[in-house]
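Chemist: Residues per chain are reported as follows:
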Amino acid sequence: MELLRFTTAGSIDDGKSTLTGRLLYDTGNIKEDVLESVSKVGNIINLAHITDGLRSERAGGITIDIGYRYFKTNNRKYIISDAPGHFQYTKNMVTGASNVDVMIILIDAKNGITSQTRLHSLVASFLRTRYVVVAVNKMDALAYGEDAFESIRNEYRSIAERLQLRDVIFIPISALHGDNVSAHSENMPWYHGPDLLSFLEQCDTHKTTNGPGRVSIQYCAEDESTKTSLYFGKVLSGEIHVNEPLKIFPPENEVLVKKIISGYEEVETAKAGENICLELNTNDGMKRGSILAPLTHRPQCTKLLTAAICWLDPEINCEQNKEFILRIHTQESICHIRDIEYRINPFSFDKEKVPGLKVNEVASAIIETEVPVVYDSYDVCPENARGIIIDPATHNTVAAIMIY
Amino acid sequence: MNYLQELEAEAIYVFREIAAQFTKPVLLFSGGKDSTVLIHLAAKAFHPMPIPFPVMHVDTGHNFEEALRFRDQLVLQKGLQLIIRKVEDSILEHGIEEPVEKLPSRNVLQSITLMDAIREFGFDACIGGGRRDEEKARAKERFFSVRDREGKWQPYNQKPELWNIYNGRINEGENMRVFPISNWTEMDVWQYIRQENIDLPSLYFAHERSCIVYNGRLIAVSGYIKIDDEDIRLTENVRYRTVGDMTCTAAIKSDARTIDEVIREIEASNISERGETRIDDQLSDAAMEDRKLQGYF
Numbered sequence: 001m002e003l004l005r006f007t008t009a010g011s012i013d014d015g016k017s018t019l020t021g022r023l024l025y026d027t028g029n030i031k032e033d034v035l036e037s038v039s040k041v042g043n044i045i046n047l048a049h050i051t052d053g054l055r056s057e058r059a060g061g062i063t064i065d066i067g068y069r070y071f072k073t074n075n076r077k078y079i080i081s082d083a084p085g086h087f088q089y090t091k092n093m094v095t096g097a098s099n100v101d102v103m104i105i106l107i108d109a110k111n112g113i114t115s116q117t118r119l120h121s122l123v124a125s126f127l128r129t130r131y132v133v134v135a136v137n138k139m140d141a142l143a144y145g146e147d148a149f150e151s152i153r154n155e156y157r158s159i160a161e162r163l164q165l166r167d168v169i170f171i172p173i174s175a176l177h178g179d180n181v182s183a184h185s186e187n188m189p190w191y192h193g194p195d196l197l198s199f200l201e202q203c204d205t206h207k208t209t210n211g212p213g214r215v216s217i218q219y220c221a222e223d224e225s226t227k228t229s230l231y232f233g234k235v236l237s238g239e240i241h242v243n244e245p246l247k248i249f250p251p252e253n254e255v256l257v258k259k260i261i262s263g264y265e266e267v268e269t270a271k272a273g274e275n276i277c278l279e280l281n282t283n284d285g286m287k288r289g290s291i292l293a294p295l296t297h298r299p300q301c302t303k304l305l306t307a308a309i310c311w312l313d314p315e316i317n318c319e320q321n322k323e324f325i326l327r328i329h330t331q332e333s334i335c336h337i338r339d340i341e342y343r344i345n346p347f348s349f350d351k352e353k354v355p356g357l358k359v360n361e362v363a364s365a366i367i368e369t370e371v372p373v374v375y376d377s378y379d380v381c382p383e384n385a386r387g388i389i390i391d392p393a394t395h396n397t398v399a400a401i402m403i404y
Numbered sequence: 001m002n003y004l005q006e007l008e009a010e011a012i013y014v015f016r017e018i019a020a021q022f023t024k025p026v027l028l029f030s031g032g033k034d035s036t037v038l039i040h041l042a043a044k045a046f047h048p049m050p051i052p053f054p055v056m057h058v059d060t061g062h063n064f065e066e067a068l069r070f071r072d073q074l075v076l077q078k079g080l081q082l083i084i085r086k087v088e089d090s091i092l093e094h095g096i097e098e099p100v101e102k103l104p105s106r107n108v109l110q111s112i113t114l115m116d117a118i119r120e121f122g123f124d125a126c127i128g129g130g131r132r133d134e135e136k137a138r139a140k141e142r143f144f145s146v147r148d149r150e151g152k153w154q155p156y157n158q159k160p161e162l163w164n165i166y167n168g169r170i171n172e173g174e175n176m177r178v179f180p181i182s183n184w185t186e187m188d189v190w191q192y193i194r195q196e197n198i199d200l201p202s203l204y205f206a207h208e209r210s211c212i213v214y215n216g217r218l219i220a221v222s223g224y225i226k227i228d229d230e231d232i233r234l235t236e237n238v239r240y241r242t243v244g245d246m247t248c249t250a251a252i253k254s255d256a257r258t259i260d261e262v263i264r265e266i267e268a269s270n271i272s273e274r275g276e277t278r279i280d281d282q283l284s285d286a287a288m289e290d291r292k293l294q295g296y297f
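Sequence lines, in order, name chains C and X. Quick note on our numbering: the first sequence kicks off at 1 and runs consecutively. Quick note on our numbering: the second sequence kicks off at 1 and runs consecutively.
Wrong hints could be hidden among the right ones.
As a list, the in silico BS3-like pairs of lysine-lysine whose alpha-carbon atoms are at most 30 Å apart [stated by the list, open to error]: (1) C/K287 to X/K86; (2) C/K31 to C/K72; (3) X/K152 to C/K287; (4) X/K253 to C/K72; (5) X/K152 to C/K358; (6) C/K322 to C/K271; (7) C/K259 to X/K78.
In case anyone wonders, no lab produced these hints; they're calculated from the structure. On a predicted model such as this, the values are computed, not experimentally measured, just so you know.
Pulled out of the complex, with its shape left as it was, chain C reads as follows (with noise of 0.2 Å):
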């Protein structure tokens, strides 16, 4: 059984929490216990309470922070990561977006496509999200006509086009009633596609893991009764193979895999994905951070990199002279914000000149690092092309990097 993680987006009361908590009722889900611990308007139970775990949460009727919810059906396991709409909290529905194949972005069919709906997409267009669900929500209250959903498929279409968003599809859907949303609406007769659950239960979630081989190592230790080195890792694309040449970068010194233990095994051949342990010929150079790779698909091996910034703190602003941190799976180094090449304009779209960087603004930059830092654009190695930026005197994760 595979697993699926998918976030719920969107504007405040565009009905995410009450999707997710839809989605656990219908596919039994809910306990009976948390069941009747939530509160109701008459016979309709509040969806929303079941996933609003903070005192202040369900008593503002607003989602701060992502809350994470875990159903299966027959054929799938889910995570569910519920995000705050504010804006405000986008820092924190970057976080739950991180992670996941499909992002749901919800658009209440009334008001059609708001400056959340533009941010969120924008944000799945930064994570290079898989799928992006554009789920038309309250549809009931427009008494199910097509027209709407039409228009704001439309309007949507130019946003996915401009932010060259990869699979989009578009669901009307009430999150409220359940139209589409495990079934497929008798409400709704001129839709055609996928209800939702049905979406969720068949596209594809196969990882691209045939890359070169990488392994990024994590922590190392000394076996003191067979005086050997061992590397704790993880590959994070390709495979790796006992008796293979590998280059350490940096500094790009020539090792031999002379051993890999995964799990309790020892095997001859690691996959993307494993937790391995390593043993090699000789150990110079070896430090947490260390990238091995093959000698001929080297990742890029620089101080200077030019990335996608998404600004995450409220407090600290990104500005050229302070020094934060630049973390890439675990390797670290000192870095500056040389320059801010352009700002995308959360509304049009445009790529903006600005002098620096606010929370919530996505952008492109150019980061100066004081060590020579490891990685590898997005299309290469996801997980070596992906980082984070943190601000040494708060030690707050200030930014989150992709490069492409």
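We have chain C; now place chain X onto it with these hints.
Modeler: For chain X alone, coordinates are given in the frame of chain C:
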């Protein structure tokens, strides 16, 4: 990868991040199934090396004997370094007056003992078996969750946590709580226990036990609770779905004696794990959130 492999890989990755990013981590062990799975995952994460940090039991003194026996066996079998800190000692040291109740819970007091131990040993990371599917406040917590100097969680000011890039940097005096099995459900834990053939305390399987009925729940007869003449005493075939203190964990009627039978029983159950067994969560709508604000796991 199937979902169980993916969840296992996520947890092992987190364990290795903890070892690399912190100087003094500790694994919090209760004798329950979740922290037992944590020990198994840690052993696998660092094989062929031993687990590079100690485990700590915050002992309320209201334990099931079976859980203590299991703890000591596991420590021997896996060669773990065990630290025990007792709530009893914190009560004496801080002159705390214990609540006199029918089911006197030391659940909240555990936070005091935990914070004392963190200061005593200088632990910078405490690894816990909390899962987001257990409870709605837990559903909101990050894998790496910062606690301030008093051990308080700040749910409205959590750090961004993208992909699997965990930022373990903290300020002096703060400590990190880390939850490697955040994304596991109760069923995932059981499926994994079956797959990996992990031993558990016998409490998790059906056995005969003398209980009283309290608010419709079965509470084991023990010296830790106050039993009155009006109490209905029963001897039933029961098992525990969660294992906490004897005073705040309820048994459920069950004939499930094997892992397969337990899995079938949970699949058929209409009630959530904590809803069925935890008296400590029933106090208010935000009982867990409130405890976490006080330094709780």
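Chemist: Please go over all the hints and tell whether each is borne out by the structure.
Modeler: Now the hints, each set against the structure:
no.: 1; hint: C/K287 to X/K86; in the structure: violated, 39 Å
no.: 2; hint: C/K31 to C/K72; in the structure: holds, 13 Å
no.: 3; hint: X/K152 to C/K287; in the structure: violated, 34 Å
no.: 4; hint: X/K253 to C/K72; in the structure: holds, 26 Å
no.: 5; hint: X/K152 to C/K358; in the structure: holds, 29 Å
no.: 6; hint: C/K322 to C/K271; in the structure: violated, 39 Å
no.: 7; hint: C/K259 to X/K78; in the structure: holds, 24 Å
In terms of the numbered hints stated before, the structure departs from hints 1, 3, 6, listed from lowest to highest.
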